[in-house]
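Next come the chains, spelled out residue by residue.
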Amino acid sequence: MTEVSRRRLLGYSGATLAAGAAAGAGLVSVAQAHEGPSSGNGPVPFFGAHQAGIATPVQDRLHFASFDVVTDDRDRLIRMLKEWTAAGAALTAGHPYGSAAGGLPESPPDDTGEALGLPPARLTLTVGFGPALFGSGGKDRFGVKARRPAPLIDLPHFPGDNLAADRSGGDVCVQACADDPQVAVHAIRNLARIGFGVVAVRWSQLGFGKTSSTTPDQQTPRNMFGFKDGTRNIPGDDHAALDRYVWASAKDGAGWMDGGSYLVARRIRMHIETWDRTSLKEQQDVFGRMKGEGNPYGAPREHDPVPLAKLPADSHVRLAHPDSNGGVRILRRGYSFTDGSDGLGRLDAGLFFIAYQRDPRTQFVTLQNKLAATDHMNEYVQHVGSGIFACPPGIRKGGFWGETLFT
Amino acid sequence: MRPVRPLATASAVFVSFSVLSACGKDDTVSGDGAAVEVTATDSSCEVGAKTGAAGATTFKMTNNGSQVNELEILAPDGKIVSGRENIGPGTGAEVTVSLEAGTYRVLCSAGMTGRGPSQAFTVTGKGKATDPRLDAAVAAYRVYIGAQVDDTLAKTKTFAASVSKGDIAGAKAEFAPSRFGWEAIEPVAESFGDIDPKTDTREADLEKGQKWTGWHQIEKALWKTKSLKGEGPYADDLVRNIETLKVRVGTASITPTSMANGAKELLDEVATGKITGEEDTFSHTDLSDFKANVDGAQKAFELLKPVVQEKDAGLTGDLTDEFAKVQKLLGKYKKGDGYVSYDTVGKAQRKELSDEVNALGEPLSKLAGVVAR
Numbered sequence: 001m002t003e004v005s006r007r008r009l010l011g012y013s014g015a016t017l018a019a020g021a022a023a024g025a026g027l028v029s030v031a032q033a034h035e036g037p038s039s040g041n042g043p044v045p046f047f048g049a050h051q052a053g054i055a056t057p058v059q060d061r062l063h064f065a066s067f068d069v070v071t072d073d074r075d076r077l078i079r080m081l082k083e084w085t086a087a088g089a090a091l092t093a094g095h096p097y098g099s100a101a102g103g104l105p106e107s108p109p110d111d112t113g114e115a116l117g118l119p120p121a122r123l124t125l126t127v128g129f130g131p132a133l134f135g136s137g138g139k140d141r142f143g144v145k146a147r148r149p150a151p152l153i154d155l156p157h158f159p160g161d162n163l164a165a166d167r168s169g170g171d172v173c174v175q176a177c178a179d180d181p182q183v184a185v186h187a188i189r190n191l192a193r194i195g196f197g198v199v200a201v202r203w204s205q206l207g208f209g210k211t212s213s214t215t216p217d218q219q220t221p222r223n224m225f226g227f228k229d230g231t232r233n234i235p236g237d238d239h240a241a242l243d244r245y246v247w248a249s250a251k252d253g254a255g256w257m258d259g260g261s262y263l264v265a266r267r268i269r270m271h272i273e274t275w276d277r278t279s280l281k282e283q284q285d286v287f288g289r290m291k292g293e294g295n296p297y298g299a300p301r302e303h304d305p306v307p308l309a310k311l312p313a314d315s316h317v318r319l320a321h322p323d324s325n326g327g328v329r330i331l332r333r334g335y336s337f338t339d340g341s342d343g344l345g346r347l348d349a350g351l352f353f354i355a356y357q358r359d360p361r362t363q364f365v366t367l368q369n370k371l372a373a374t375d376h377m378n379e380y381v382q383h384v385g386s387g388i389f390a391c392p393p394g395i396r397k398g399g400f401w402g403e404t405l406f407t
Numbered sequence: 001m002r003p004v005r006p007l008a009t010a011s012a013v014f015v016s017f018s019v020l021s022a023c024g025k026d027d028t029v030s031g032d033g034a035a036v037e038v039t040a041t042d043s044s045c046e047v048g049a050k051t052g053a054a055g056a057t058t059f060k061m062t063n064n065g066s067q068v069n070e071l072e073i074l075a076p077d078g079k080i081v082s083g084r085e086n087i088g089p090g091t092g093a094e095v096t097v098s099l100e101a102g103t104y105r106v107l108c109s110a111g112m113t114g115r116g117p118s119q120a121f122t123v124t125g126k127g128k129a130t131d132p133r134l135d136a137a138v139a140a141y142r143v144y145i146g147a148q149v150d151d152t153l154a155k156t157k158t159f160a161a162s163v164s165k166g167d168i169a170g171a172k173a174e175f176a177p178s179r180f181g182w183e184a185i186e187p188v189a190e191s192f193g194d195i196d197p198k199t200d201t202r203e204a205d206l207e208k209g210q211k212w213t214g215w216h217q218i219e220k221a222l223w224k225t226k227s228l229k230g231e232g233p234y235a236d237d238l239v240r241n242i243e244t245l246k247v248r249v250g251t252a253s254i255t256p257t258s259m260a261n262g263a264k265e266l267l268d269e270v271a272t273g274k275i276t277g278e279e280d281t282f283s284h285t286d287l288s289d290f291k292a293n294v295d296g297a298q299k300a301f302e303l304l305k306p307v308v309q310e311k312d313a314g315l316t317g318d319l320t321d322e323f324a325k326v327q328k329l330l331g332k333y334k335k336g337d338g339y340v341s342y343d344t345v346g347k348a349q350r351k352e353l354s355d356e357v358n359a360l361g362e363p364l365s366k367l368a369g370v371v372a373r
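These protein sequence lines map, in sequence, to chains A and B. Under the numbering used here, the final residue of the first sequence carries the number 407; numbering is consecutive throughout. Under the numbering used here, the final residue of the second sequence carries the number 373; numbering is consecutive throughout.
Because the hints were derived from the structure by calculation, they are not lab data. The beta-carbon is built from N, C-alpha and C at its ideal position, and this holds for glycine as well. You may find that some hints are simply not true.
Here are the simulated lysine-lysine pairs, DSS-like style, with alpha carbons at most 27 Å apart [unchecked claim]:
#	chain 1	residue 1	chain 2	residue 2
1	A	K139	B	K351
2	B	K335	A	K139
3	B	K325	B	K335
4	B	K325	A	K82
5	B	K335	A	K82
6	A	K145	B	K335
7	B	K311	A	K139
8	B	K325	A	K145
9	A	K310	B	K332
Sample of chain A residues with no beta-carbon within 10 Å of chain B, all distances over it, derived [to be verified]:
#	residue
10	D68
11	G103
12	P105
13	E106
14	S107
15	P108
16	G197
17	A200
18	T220
19	P221
20	R232
21	A241
22	P307
23	T374
24	N378
25	T407
Under 10 Å between C-beta atoms, here's a sample of chain B residues computed to sit facing chain A [said to hold, decoys possible]:
#	residue
26	D237
27	T244
28	V371
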């Protein structure tokens, strides 16, 4: 069997469609059987001014991985980032990275192959650099200590945090989002494999059921508490809001981050069983919105302006609302997670919160300080993992992830 | 001891084989990457081609029987060239070998007894001319294997004597060294399908009705039950099996590719059995086996290095670095002549060892391909 391009197999190339041969038609029908009618299975452009996976319409599935860099060799790290870039360009286009099934019989295949025959599934890969990569104390691990951007802080301890070291931190992160979990997992698995000897997986998280939309026409999804989540998120086509709240600018101090963004990830465990035996009234009081329609207290429809004064003072929506925080907004991109049960028979589930912003000091930290102190929801959630990463700007053709930092 | 693969994994692999192996029903395959279908039942072994051309040939077995099966490729003189064990009912496996001209036998072994129905497979023509430096590497590796077997035999005799005398303290000290030579050449030792199950089976891998013998049986007596009563015959049996290995090891089929694959398999052993502490579950001497596996892999690499350097300098550089790093990391755990007990190695340290094994194992898996091309 020759190498299969996932993209070509599904008839995205015009030639295949135009040919209309029996074989081609068969392949297209396979594609239609695989994908739902409304979801886009095609590729998301890999190159551009910003990294894909931030303002891109949110896909259904997530595999997020955080890596430690295990070498001190700067050149080797750069070499790996270049290999990752080549792999990222291939994988997001729906191609295997190198040979998946047609190489030397004596060699393991370059690509692990489990995404052969699958569509690109709108796979995006977004890379970020954690604070530890820049060194600490007198140590400058890769000659970039002086380039650590001021917004890339070490996150403070927030009240109620119960962070596990093996679910927190990391030097490099990769966020893989796709409409097919196998495509997202395949991407992380192959990047991890390419990276062996340079990076080692520190922790990773699978997610499903996006908990926020970044397009206004997507239906607002529900989180594991059964509530609509992300009604007032920054839409991916609101360029003014993105420029103001999401995209870093050279004017912010770190020129290499111009067009990038700062990612904060939090693994938020939800106490599912106690929530489920909480009265509907209390559940709604916690959010300040009705469970069915998603409308805020004091307004009839979901997307109506939120009359803040009508919401309980300690409700989540009231406390997190921009009007309660001097207009601060963030771009949320979180996913639900369920990692089976926790050994006590409780569902190990919650929200893998991901937020993108221009400056975590004034955005995430401000909001989280307020929520950690007074949010009624704290009775039902606990933050158990945490990470912050500087995601560089998009990649130009011929460039590589982190080029602006390392050159 | 190579752990039995879970059937679920094997069947997933099998599905993809059936998709990929849609070759014709010709009687001849063309060598260099060609595939030969082998269909086994509990009592038959059908081979999809009778002849083939010299070079790399892949045998793909489908086990339609009810018992676990084994595929063996036997050289004209009856020695095992290569094979695969633990092919579960309804699953498949493949093995790629480089064959020179001659008449081979393809053997299926239901119940993995090493015997069973077989069919002749004749190879004609010439494969690629061999590089004399690779022949020299194979010859030097044979010398190394001989030395390791001698070492493991001598130390196993000492160990067995202590066991027979009931000297628990002496036997405990001699346990890990007695295994060292064996662990350094494990893939070669395992190529004789009958010796490994008798010498190196772990309690957790026993099949129903299988009599447990070998190192780990005595290990449990030493560290768990703390009595050597009745262990003497097991120790004698272990010595006899290593003596058999010594007699037969000269007949092992070794090629540059099998050396490289063997090096990779040694790292696989580390990654699956030693890192987890499953191998020496009673004695916690896993780091000694770890070191032996790495030494054996490094030896194979060093011997192949001159040729590999020419074909892929980048890979050679990476492997040289990673071997040095893993040896340095292991050095941190040295204690006296041996290593610290693995149950004193914490979670974070095991993670560091595991990361390093991945860092070495991944480029090492590319070695056979570079040697072959």
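Legend entry - Distance rule for A/T407, whose beta carbon must clear each one in chain B by more than 10 Å: Answer for A/T407: holds, closest chain B Cβ roughly 22 Å.
Legend entry - Given as non-interface: A/P105, which should sit over 10 Å from chain B by C-beta: violated, 4 Å
Inset, instruction - Using Cβ atoms only, decide whether B/D237 comes closer than 10 Å to chain A, and label the hint accordingly. - result: violated, 37 Å
Legend entry - Beyond 10 Å from every chain B Cβ - status for A/D68: Nearest chain B Cβ is 8 Å from A/D68, so the label is violated.
Inset, instruction - Please confirm whether A/T374 is truly not at the interface, meaning its C-beta sits more than 10 Å away from all C-beta atoms of chain B. - result: Its Cβ never comes within 10 Å of chain B, the nearest being 37 Å, so this holds.
Legend entry - Beyond 10 Å from every chain B Cβ - status for A/A241: At about 41 Å from chain B, A/A241 clears the 10 Å cut-off, so the statement holds.
Legend entry - Given pair status - B/K335, B/K325, alpha carbons within 27 Å: holds, 19 Å
Inset, instruction - Beyond 10 Å from every chain B Cβ: check whether that's true for A/N378. - result: holds, 30 Å
Inset, instruction - Would you settle whether the hint for B/T244 is holds or violated, based on the nearest Cβ-Cβ distance to chain A being less than 10 Å? - result: Result: violated, 30 Å to nearest chain A Cβ.
Legend entry - Status of the stated non-contact between A/E106 and chain B (beta carbon gap over 10 Å): Non-interface label fails for A/E106: nearest chain B Cβ at 4 Å, not farther than 10 Å.
Inset, instruction - Please work out if B/K311 and A/K139 have their alpha carbons no farther apart than 27 Å. - result: violated, 38 Å
Inset, instruction - With a cut-off of 27 Å on the C-alpha distance, tell me whether A/K139 and B/K351 pass. - result: holds, 23 Å
Violated hints, listed in ascending order, are 2, 5, 6, 7, 9, 10, 11, 12, 13, 14, 15, 16, 17, 26, 27; each of the other numbered hints is respected by the structure.
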